[in-house]
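Chemist: Sequence:
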Amino acid sequence: MIDLQTEEIGPVAVIHFYGILTRDTLRDAEEAWNDQLERRPEVLAFDFKGLSQIDSISINHIFKLARTASERNMKLIIYDMNESLKKVFEVIRLDKVVEFVSKQKFEADYLKDV
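Reminder that position 87 of the sequence shown reads as 399 in the numbering used here, one-by-one numbering, no gaps.
Here are the computed lysine to any residue pairs in the SDA-like style, where the Cα-Cα straight-line distance is at most 20 Å:
{"hint": "1", "residue 1": "LYS361", "residue 2": "ILE389"}
{"hint": "2", "residue 1": "LYS424", "residue 2": "VAL324"}
{"hint": "3", "residue 1": "LYS398", "residue 2": "SER414"}
{"hint": "4", "residue 1": "LYS376", "residue 2": "ASP359"}
{"hint": "5", "residue 1": "LYS424", "residue 2": "ASP392"}
{"hint": "6", "residue 1": "LYS361", "residue 2": "GLN317"}
{"hint": "7", "residue 1": "LYS387", "residue 2": "PHE412"}
{"hint": "8", "residue 1": "LYS408", "residue 2": "HIS373"}
{"hint": "9", "residue 1": "LYS387", "residue 2": "GLU320"}
{"hint": "10", "residue 1": "LYS376", "residue 2": "ILE327"}
{"hint": "11", "residue 1": "LYS417", "residue 2": "ASP359"}
{"hint": "12", "residue 1": "LYS399", "residue 2": "SER364"}
{"hint": "13", "residue 1": "LYS387", "residue 2": "GLU343"}
{"hint": "14", "residue 1": "LYS415", "residue 2": "GLN317"}
{"hint": "15", "residue 1": "LYS361", "residue 2": "GLN416"}
{"hint": "16", "residue 1": "LYS415", "residue 2": "ILE389"}
{"hint": "17", "residue 1": "LYS361", "residue 2": "GLU411"}
{"hint": "18", "residue 1": "LYS398", "residue 2": "HIS373"}
{"hint": "19", "residue 1": "LYS387", "residue 2": "ASN346"}
{"hint": "20", "residue 1": "LYS387", "residue 2": "GLU354"}
Hints listed in this document are in silico derivations from the structure and should not be mistaken for laboratory results.
I would like the entire structure built from these sequences, with the hints used as guidance.
Modeler: Below you can see the structure in the form of structure tokens.
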């Protein structure tokens, strides 16, 4: 099960993830991030603090989303993820297409003027 909460803060859209992101819950996540893609924020951020698990299919969709965001001149950021997930993302080189930051850095860099 996945619970998603979206907030828009000026030019920044944040999607907070709570639960498990798998092919069974991916449709809900895709609806949330596609809705934000249509709104074209400057920054689309995923708060992964509450994400306890993600499968390879969902990771592949994040790669595709990163490409789409780049084509639309949007920045995709993932923040506040656990260390084991961060290591997996680094091994598969997701960190080459998506910026990973702490919550504090995200707030300082992207929300300070909002």
